[in-house]
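Novice: Below are the chains, spelled out letter by letter.
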Amino acid sequence: MMLGAFQYERPASLDEALRQAAAVPGARWLAGGMSLLPLMKMELADPPALVDLAGVADLVGVQEDGGALRVGAMTRHAELAEHPLVARHAPLLAAAASQVGDPQVRHRGTIGGSLAHADPAADLPAAVLALDATIEVASPRGRREIPAKDFFLGPLMTALEPDDVIVAVVVPQRGAHRQAYHKRPHPASGYAVVGIAASVLREADRVASAAIAVTGVASHAFRARRAEELLTGQVMTDALLAEVASVVASGQEVWGDLYASADYRRHLAGLTTRQVLERLWDDR
Amino acid sequence: MSTDGGAAHAAPLMGQSVPRREDARLLTGHGHYTADVNRPGQLYAVMLRSPHAHARLRAVRTDAARQVPGVAAIYTGAQLAGRIAPIPTAWIPPGSELALTDHPALADTTVRYVGDGVAMVVAESLAAARQARALIDVDYEPLGAVTSVAEAMDPDAPRVHEGVAGNVALHWRAGSDPAAVERALQDAEVRVRETIRQQRLIPNPMEPRAAVAEFDAADEALTLWVTSQNPHIHRLLVAGVLGLAEHRVRIIAQDVGGGFGSKIACYPDEVLVAFAARDLGRPVKWVEDRREHFTATTHGRDHVDEVVLAGRRDGTLTALAVRTQANLGAYLSTAAPGVPTILFGLIANGPYDIPVAATEVYGVYTHTTPVDAYRGAGRPEATFLIERLVDRFAHEIGMDPVEVRRKNLVRADRFPYTNAFGITYDSGRYEEALDRALEHLDVGAFRREQADAARQGRLVGLGVSTYVEMCGLGPSEVAGAVGFQGGLWEHALVRVLPTGKVMVMTGISPHGQGEETTFAQVVADRLGCAMQDIEVLHGDTQLVSMGWGTYGSRSTAVGGGALSVALDRVVDKARKIAAHVLEADVADVALEAGRFAVRGVPDRAVSFADVAQKAHLAWSLPEGVEPGLEAEASYNPSNFTYPFGTHLAVVEVDPDTGETTLQRYLAVDDCGPRINPMIVDGQVRGGIVQGIGQALWEGAAYDAQGQLLTGSLMDYALPKARWLPPIETDFTETPAPHNPLGVKGVGETGTIAATPTIVNAVMDALGSLGIHHLDMPLTPERVWRAIQDARAAAPLGAAGAGEGGGMRS
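Heads up: the sequence lines are chains A and B, in that order.
If you use the numbering used here, the first sequence corresponds to residues 1 to 284, in order.
If you use the numbering used here, the second sequence corresponds to residues 1001 to 1809, in order.
Be aware that one or more of the hints could be misleading.
In silico EDC-like links for lysine to aspartate or glutamate, alpha-carbon gap of 20 Å or less [what the hints assert, rightly or not]: (1) A:149 x A:253; (2) A:41 x B:1292; (3) B:1501 x B:1592; (4) B:1501 x B:1630; (5) A:41 x B:1535; (6) B:1501 x B:1632; (7) B:1576 x B:1603; (8) B:1720 x B:1789; (9) B:1720 x A:102; (10) A:41 x B:1715; (11) B:1501 x B:1535; (12) B:1407 x B:1442.
Computed list of chain B residues with no C-beta within reach of chain A, every gap over 12 Å [to be verified]: (13) 1136; (14) 1304; (15) 1592; (16) 1715.
Hint data in this document are derived by calculation from the structure and do not stem from the laboratory.
Owing to the predicted nature of the structure, the values given are computational and were not obtained by experimental measurement.
From the three backbone atoms N, C-alpha and C, an ideal C-beta is built for every residue, glycine too.
The whole structure should be built from the sequences, with the hints applied where relevant.
Specialist: Structure representation (structure tokens):
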């Protein structure tokens, strides 16, 4: 496996990056390269140019910004996993980041790269969905914001235009919510066979609000709306959890593969959701 | 002239965990692997491989590809027809009705598996070669493919090779007379039968295959650096295929990054690279990539075994019948026919004294990657089926599996023991290994914990496997009798230099097993010199006189045997010289701790190094003694070696997910005396992990069209360290009485024992649900489905495990 020839740019600013990408039709952003480079080595992608965002300092780091965290698109998974602000305000994001790939991947791969690639079994899409994050995007036409719920469209398909680049991910601070990400990894790839991201606000015995996002199960990560509706405002009981588990993947075209059939994935999605909710409910 | 003398050491190094001397080199990037070899002016080769499992080649058009700047040559099968002999099969078991077929180095008219070679591009750079490969236009006419033995043996199935009816490559029988087997089965009080599927595995050494070839036209001489477990076998086969004189072929395999059997075979690739180097007059380099490795390098296992085991209600086993269909892939790889026959069928009774036993094997061609030796090669398959059936038998008669084993193990006073297939186990104390294992794990206490766990809805299981392996391959007369097209003896040369330093040239070809260290330990003890004064050299046919390589757990048993005999000869000669120097009778002179001394007069002594110097100076040697100090030996073992042991595992199965968690793994092995316990321990642990891999995670899968669905490390699950429990190891020590060092071999034992141990443990955990056998790998879904089905079938409330995960609100 080796790479073919391509042009390589390493801009120092976002403006320069946008200019360089615009200059070569078909140019791709390099945002860690943990998925793009393997595709190129397998001759499944053959971009004429890579614009490496690693030198754009503005795109790295985590800051508090009003009631939200602003996470630079080029922030590496390893940094997210250990960042104190993320741990305090969006522990779900830290948990998901800590389970991406292996240590090497976590030190190269970035949140922007992972979201833009939109692997159907990646971890971070579930995290940003469950956290109601907003994805900030720049292009030669200017800047815009895409809510996470509108971002993932299909396998490796997102709401990004070809010349868009993710600048940051804005995550609402939800310190009061109980958050968790639980993944059942594929034994070879490490990607989620099922990944459940949940953020739940408990008020006494009731669920004040619940957000549940699922990855690995369908063509893209999704919010389990029916399950959330069942939970909201209700007293947590065994019966409720069982019902919630049964509808986690409802309305989805659940996929199967050699390792886990659609039936089994559907079962795991329900079971895992139930286990995550039980654990969150008893926390603290 | 002075020597620093071999610093004598007091304590013997045999039995010491001396750190591996090869590690500093290998772990700091200073190894010399084939991919590290670069020759001046070299070209780069890439292979174009078939994307179809079965297709006729209507045309292979290379015109456009040849236009790519830097392309030196493009070879196709049609061009090479008649210029390269077929890739050989080197094991032809007698009576196997072997349907040998041509295996062209590049497919000429038909491709027979995904990965079959179609063309080779040779270019000035790898990039140019790849670019040109993409431009080769192949017109394939896809044909129907068969991937499983069941499909392939259907009379109407597509044929892999014209003229091979039913795709049957071989049909072989061994053991008791079929009528006697039938009678014994009929007469038995109890019979258990099972269909055992042993899925196809894909060996994945850290280093993929590679070859660099350089041809000297003036001398008609080929030098081939190649990832080989057996350079001298490669010399023989490559010379034959290319029509070169054997003495003008040099094979170098200095450092090899693991093989597990997959680097025994002579592959088309290295032959093609050598051909191109000769044809183009420039060195040619080829390095396999990992994805290519998945289809182009031999696979392992892939059996369907119909097994019947019979016995009495008191637990005595009386008869065994095995009928096997072994998938051999599209071509018969170098050793392939011997693996599911000789290395499998002759030891199907395992360590048990079963008076009547027979195996019948069909080897079958399919449109898949050729199958050949993989760590254990035949013996894991044999062990798996008998170990599963013994558990089924124990369950059938309501006896603990440990007790059934104890009752049937060949007793220590029965050795040498000849089994129903006519092979003779050299030595063993099987029950002692079992008892040792049980000292570490109290089965009674476990059964109580298991019952407690069951009441909480938890599924916990204990697996046991008692095994014996036939290895240390082997007596050359037997090699001949079973159709192996080579000898299985081994060669060693011990050369003592004038300064007393020692060079050892061995015909084995270690590629991770650590013989550079263990052989030096043997030499150091015998000659009394220091480790740093000894160099162990291997892996170069120009350096090493002869050898048959490393596989079949033979290196220390057979290669060490040769070394031991050669050392005896060196010492004999040195002692004569020492006696001459000391003016003593040879019979009165003994070598101890690096010094020859006259018995009873310890002051009258001469160091080994001084003797070496005097041997080389030859100023004054005894009558009839030649100058110099070296000796060689060819050791042809009188029998195989038979290591054995008992492995135990404790697992827990999550009834909600079907996932198996390993809680304990305990291995008691007996490989005879351990030269280096640390290295032995490493071999055992590595082997166990590979065996667990088959039980739980690994498995190649093809779709109906013959596409490999598990063609990368993203799909094919190799074991990960974090899934493994701490592995506890212990050893008993029963020497091989016929071996000069008493050693038996340990490279494959872990793999052989671990697979049934784990599957037996999982089945024990599921036994309360009425589940007694599942196919491997025991993936969570497979186990979960079995639990679902068992619960659906069981009367309400009867299933052993309740709903898992206590609920809270």
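Novice: Is the claim that residue 1136 (chain B) lies outside the interface with chain A correct, judged by CB distances over 12 Å?
Specialist: Holds, because the least Cβ-Cβ distance between residue 1136 (chain B) and chain A comes to about 14 Å, which exceeds 12 Å.
Novice: Between residue 1407 (chain B) and residue 1442 (chain B), is the straight-line Cα distance small enough, at 20 Å or below?
Specialist: With a Cα-Cα distance of about 19 Å, the restraint between residue 1407 (chain B) and residue 1442 (chain B) holds, given a limit of 20 Å.
Novice: CA of residue 41 (chain A) to CA of residue 1535 (chain B), is that 20 Å or under?
Specialist: 41 Å, violated
Novice: For the pair supplied as a hint, residue 149 (chain A) and residue 253 (chain A), is the alpha-carbon distance within the 20 Å limit?
Specialist: With Cα atoms ~18 Å apart, residue 149 (chain A) and residue 253 (chain A) stay inside 20 Å; holds.
Novice: Assess, step by step, whether the Cα of residue 1501 (chain B) is no farther than 20 Å from the Cα of residue 1535 (chain B), and give holds or violated.
Specialist: 8 Å, holds
Novice: Is residue 41 (chain A) within 20 Å of residue 1715 (chain B), Cα to Cα?
Specialist: 17 Å, holds
Novice: Taken at face value, is the distance from the CA of residue 1630 (chain B) to the CA of residue 1501 (chain B) at most 20 Å?
Specialist: 11 Å, holds
Novice: Given the hint that residue 1501 (chain B) pairs with residue 1632 (chain B), does the C-alpha gap stay at or below 20 Å?
Specialist: Measuring from Cα to Cα gives roughly 16 Å; hence the hint holds.
Novice: Confirm or reject: residue 1592 (chain B) is not an interface residue toward chain A, with every Cβ-Cβ distance exceeding 12 Å.
Specialist: 53 Å, holds
Novice: Going by Cβ atoms, does residue 1715 (chain B) stay more than 12 Å from chain A at every point?
Specialist: 5 Å, violated
Novice: Between the alpha carbons of residue 1576 (chain B) and residue 1603 (chain B), is the straight-line distance 20 Å or under?
Specialist: Holds: residue 1576 (chain B) and residue 1603 (chain B) sit about 18 Å apart, inside 20 Å.
Novice: Between residue 1501 (chain B) and residue 1592 (chain B), is the straight-line Cα distance small enough, at 20 Å or below?
Specialist: 17 Å, holds
When each numbered hint is compared with the structure, violations occur for hints 5, 8 and 16.
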